[in-house]
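Participant: Take a look at the letters that make up each chain.
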Amino acid sequence: MTSVDERVLAAQPPAPANTRPRRRRGKPLSPLLVAFVLVPFAVESIWVFWPALQGFWFSLTRWDGLEPPTYIGFDNYAELAGDATFRGALINTVLWLVLFGGLSVIGGFGMALILQRERRGVGFYRAALFTPVVFSLVVTALVWRVFYQPDGVADELLRAVGLEHLIRPWLADPETALYAVILPALWRQIGYVMVLYLAGLKAIDPALHEAAKMDGANNWQRLRNVTIPQLKGVNAVVLSVIVIDSLRSFDIVWSLTKGGPYHSSELLSTYMYSTAFQSLRLGYASAIAVVIFVLALAVILGYLVRAFREDA
Amino acid sequence: MNDFDPSRRRFLGHVGLAGLGVLGAGSLVGCASSASSPSGSGNSAITLQSNLSSPQAKVAMEKIIENFNKQGKGAASLNTVASETFRTQLPTYLTSANPPDLYTWYAGSVANDYASKNLLLDVSDVWQGMADYPESLRTLSTDAAGKKVFVPMNNYWWGFFYRKSNFAKWGVQEPKNWAEFVTLCQTLQSKGVPPIGIGLGDTPWVASAWFDYLNIRINGAPFHRELLAGKQRFDDPKVKAVFTKWREVLPYFDPKGKAYPFQEATTALLAGKTGMFLIGTFFADAAPKDALGDLDFFRFPIIDPAVPLAEEAPTDGFFASAKSANPAGTKALLTYLSSVEAQEAYVAASAGIVLPANPKAKASDSPLVAKGKAMLESAQELTQFFNRDSSDALQPTADTALTKFIDKPDQIDAILREWQAGAEKVFKG
Numbered sequence: 001m002t003s004v005d006e007r008v009l010a011a012q013p014p015a016p017a018n019t020r021p022r023r024r025r026g027k028p029l030s031p032l033l034v035a036f037v038l039v040p041f042a043v044e045s046i047w048v049f050w051p052a053l054q055g056f057w058f059s060l061t062r063w064d065g066l067e068p069p070t071y072i073g074f075d076n077y078a079e080l081a082g083d084a085t086f087r088g089a090l091i092n093t094v095l096w097l098v099l100f101g102g103l104s105v106i107g108g109f110g111m112a113l114i115l116q117r118e119r120r121g122v123g124f125y126r127a128a129l130f131t132p133v134v135f136s137l138v139v140t141a142l143v144w145r146v147f148y149q150p151d152g153v154a155d156e157l158l159r160a161v162g163l164e165h166l167i168r169p170w171l172a173d174p175e176t177a178l179y180a181v182i183l184p185a186l187w188r189q190i191g192y193v194m195v196l197y198l199a200g201l202k203a204i205d206p207a208l209h210e211a212a213k214m215d216g217a218n219n220w221q222r223l224r225n226v227t228i229p230q231l232k233g234v235n236a237v238v239l240s241v242i243v244i245d246s247l248r249s250f251d252i253v254w255s256l257t258k259g260g261p262y263h264s265s266e267l268l269s270t271y272m273y274s275t276a277f278q279s280l281r282l283g284y285a286s287a288i289a290v291v292i293f294v295l296a297l298a299v300i301l302g303y304l305v306r307a308f309r310e311d312a
Numbered sequence: 001m002n003d004f005d006p007s008r009r010r011f012l013g014h015v016g017l018a019g020l021g022v023l024g025a026g027s028l029v030g031c032a033s034s035a036s037s038p039s040g041s042g043n044s045a046i047t048l049q050s051n052l053s054s055p056q057a058k059v060a061m062e063k064i065i066e067n068f069n070k071q072g073k074g075a076a077s078l079n080t081v082a083s084e085t086f087r088t089q090l091p092t093y094l095t096s097a098n099p100p101d102l103y104t105w106y107a108g109s110v111a112n113d114y115a116s117k118n119l120l121l122d123v124s125d126v127w128q129g130m131a132d133y134p135e136s137l138r139t140l141s142t143d144a145a146g147k148k149v150f151v152p153m154n155n156y157w158w159g160f161f162y163r164k165s166n167f168a169k170w171g172v173q174e175p176k177n178w179a180e181f182v183t184l185c186q187t188l189q190s191k192g193v194p195p196i197g198i199g200l201g202d203t204p205w206v207a208s209a210w211f212d213y214l215n216i217r218i219n220g221a222p223f224h225r226e227l228l229a230g231k232q233r234f235d236d237p238k239v240k241a242v243f244t245k246w247r248e249v250l251p252y253f254d255p256k257g258k259a260y261p262f263q264e265a266t267t268a269l270l271a272g273k274t275g276m277f278l279i280g281t282f283f284a285d286a287a288p289k290d291a292l293g294d295l296d297f298f299r300f301p302i303i304d305p306a307v308p309l310a311e312e313a314p315t316d317g318f319f320a321s322a323k324s325a326n327p328a329g330t331k332a333l334l335t336y337l338s339s340v341e342a343q344e345a346y347v348a349a350s351a352g353i354v355l356p357a358n359p360k361a362k363a364s365d366s367p368l369v370a371k372g373k374a375m376l377e378s379a380q381e382l383t384q385f386f387n388r389d390s391s392d393a394l395q396p397t398a399d400t401a402l403t404k405f406i407d408k409p410d411q412i413d414a415i416l417r418e419w420q421a422g423a424e425k426v427f428k429g
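Same order as they appear, the protein sequences are chains A and B. Its first residue numbered 1, the first sequence is counted upward by one per residue in the numbering used here. Its first residue numbered 1, the second sequence is counted upward by one per residue in the numbering used here.
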């Protein structure tokens with residue numbers, strides 16, 4: 001959740017423009033300050049930067065984890081280009097980003113709007129919607145597996161409303177597996193996004209709404225012209241959270257389908273994992289990891305560039 | 001002592017969580033790290049790294065190690081690791097500077113693969129005291145260079161399991177050959193029972209048993225081994241013949257079996273919701289004790305009587321690291337583990353239906369075990385299981401191909417082409 005913290009920091013009001021920067025020429029830096037910069041940097045270098053660089057190096061090798069890696073240039077990437085499973089996983093990841101991301105924003109925002117006003121019992125509903133966030137996704141997966149199993153709750157529900165012709169092995173049918181996995185992920189994410197939006201809605205100055213009301217704006221107009229523009233800062237937080245959560249989605253898919261049946265619910269993350277630790281093709285898996293990294297970087301950089309341009 | 005404990009498989013998810021950072025790239029490096037400083041002394045304590053993490057098996061192993069330590073031939077300690085962690089970490093253990101001495105694992109191509117990279121200790125001395133072990137196990141424990149690298153502990157068998165009371169109720173009997181098997185399926189179907197249970201939900205590897213058996217019944221065990229070693233092609237017409245045969249009984253599979261794991265398929269079988277189930281004896285771990293007396297099995301029906309009879313008998317046991325700091329102590333422990341005393345202690349304490357590798361050791365006393373033992377003894381060849389005869393790396397290619405075939409049998413030509421392409425990538429590395 002570092003991105004949230006960063007946004008919170010970025011949202012701090014800028015320092016007043018008339019204070020002049022203090023000159024510190026000749027004054028030695030405090031050793032404590034230097035330590036605060038260098039120690040975390042050293043730690044990050046060992047546990048983050050170096051492994052990431054190493055990961056890139058491994059992506060240029062063939063490696064089974066046993067014998068030393070052999071350098072093969074960009075062969076892994078060439079193979080990725082022609083790998084149908086990889087292409088499927090890439091499409092699924094984009095689909096996941098759009099569906100999981102889009103629906104959790106819409107759902108979370110909707111819930112926040114409904115539950116923003118203080119009424120009796122509203123705390124209970126907020127807590128109830130947030131509860132799924134508390135469970136680990138692996139536990140969530142176990143619960144949903146029971147829901148989806150043959151003759152499970154999902155099938156019983158369909159039968160009760162006379163739709164038994166729709167019943168199918170939800171997680172074992174390549175047509176439905178991916179969507180059946182998105183649902184529990186959404187179930188969890190909506191509560192989280194709702195909390196972010198609730199905080200945003202609380203921060204809007206009620207005077208703005210009152211003024212709009214005085215001008216004769218109806219509910220819809222106030223939502224469009226007052227609420228949504230005021231939520232710009234929160235939107236940015238939600239967007240980055242969603243993108244990062246989508247790209248690192250792994251646990252729920254792995255626990256429910258392991259990317260199957262026959263790769264139909266495969267995401268880039270699950271494909272990377274199975275290639276690395278089941279097929280023991282660590283070089284090829286590193287190449288997939290690099291692609292995930294580049295995708296994440298592209299999305300985040302794209303966003304940062306836009307954010308800077310708007311600020312300027 | 002089976003490799004496919006469900007809870008261990010599920011552990012994959014947790015390992016994945018731990019290993020997967022946002023950026024992914026860093027996580028792969030975890031495998032490369034090697035452990036601690038080397039130790040010098042020649043008679044240091046021996047570490048046995050064990051994946052037998054189910055409660056009964058763990059207690060059994062602890063007891064065995066305790067007994068060994070009492071004998072005063074060395075000091076050993078047991079380190080039990082969850083099976084999935086063990087599997088992914090094994091290469092790291094073996095290649096580290098100061099590895100654990102002894103490991104539980106599989107015989108055959110798995111051990112052979114490590115031996116070819118000079119990672120395993122030559123345990124030929126231990127085998128000198130194992131003269132009465134059968135030839136099949138001796139061959140299985142020998143690497144390509146002729147060294148013994150493995151000491152077997154026990155094995156188990158696969159078969160069509162069914163409930164005696166249900167077969168009596170439905171008025172059907174064990175089939176002897178393929179034609180009788182198909183008739184049996186038709187009879188059960190006509191009685192409204194899905195004849196063949198299967199559980200592919202979380203455990204798609206169960207389908208590999210069907211592939212293994214059809215292939216060893218139609219093309220024979222030598223072809224099967226060559227295929228799994230990459231010396232034959234999956235798009236060969238001989239492999240297609242396997243699927244042509246399989247298609248004859250595909251309509252008799254329980255349609256729900258695609259969605260649930262083998263443990264639930266076991267429950268369905270015991271509840272009489274399916275007729276029979278091709279599975280290994282480890283499924284009994286998930287069966288209530290009172291149902292065990294009602295269980296029986298028959299061997300996979302013979303298809304071509306001219307093909308020498310082979311059965312699947314996955315063998316579990318031990319191999320040692322070539323870099324062990326105390327080879328003499330490790331061999332002393334291996335010698336103890338191959339003894340009647342140790343193996344009987346394991347069989348008595350463990351939950352599954354297993355057969356001790358030592359021919360003098362007594363298996364547990366039940367008609368089912370006697371029948372299983374007799375079936376393996378009458379076989380001319382023993383195979384292990386798909387991933388043990390090939391590699392863990394090839395298993396996902398089989399899972400994809402076989403579950404797709406069960407879903408879309410019409411696409412068999414494309415499926416076999418994809419399988420061959422996938423297998424080539426694995427063999428290429």
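Misleading hints may appear alongside valid ones.
To be verified - Partial chain A-side listing against chain B, Cβ under 8 Å, derived: (1) 71; (2) 149; (3) 169; (4) 171; (5) 175; (6) 176; (7) 261; (8) 262; (9) 263; (10) 279; (11) 280; (12) 307.
Stated by the list, open to error - Each computed EDC-like pair below joins lysine to aspartate or glutamate, with the alpha-carbon atoms no more than 16 Å apart: (13) B/273 with A/151; (14) B/425 with A/75; (15) B/425 with A/79.
Since the hints were made in silico from the structure, they are not lab data. Here the structure is a predicted model, which is why all the values come from computation and not from measurement. Using N, Cα and C, we set each Cβ at its ideal position, and we do this for glycine too.
Participant: Take the hints in turn and mark each one as holding or not.
Facilitator: Now the hints, each set against the structure:
1. 71: violated (13 Å)
2. 149: Check passed: Cβ of residue 149 of chain A comes within 6 Å of chain B, closer than 8 Å.
3. 169: Hint on residue 169 of chain A: holds, closest Cβ of chain B at ~4 Å, below 8 Å.
4. 171: With a closest approach of 6 Å, the residue 171 of chain A hint holds.
5. 175: Constraint on residue 175 of chain A not satisfied, violated at 10 Å.
6. 176: violated (11 Å)
7. 261: With a minimum Cβ separation of about 5 Å from chain B (threshold 8 Å), the hint on residue 261 of chain A holds.
8. 262: holds (4 Å)
9. 263: Where the cut-off is 8 Å and the nearest Cβ of chain B is about 6 Å from residue 263 of chain A, the hint holds.
10. 279: holds (5 Å)
11. 280: Hint on residue 280 of chain A: holds, closest Cβ of chain B at ~5 Å, below 8 Å.
12. 307: violated (19 Å)
13. B/273 with A/151: Within the cut-off at roughly 13 Å; holds.
14. B/425 with A/75: Cα-Cα ~12 Å, so holds.
15. B/425 with A/79: holds (10 Å)
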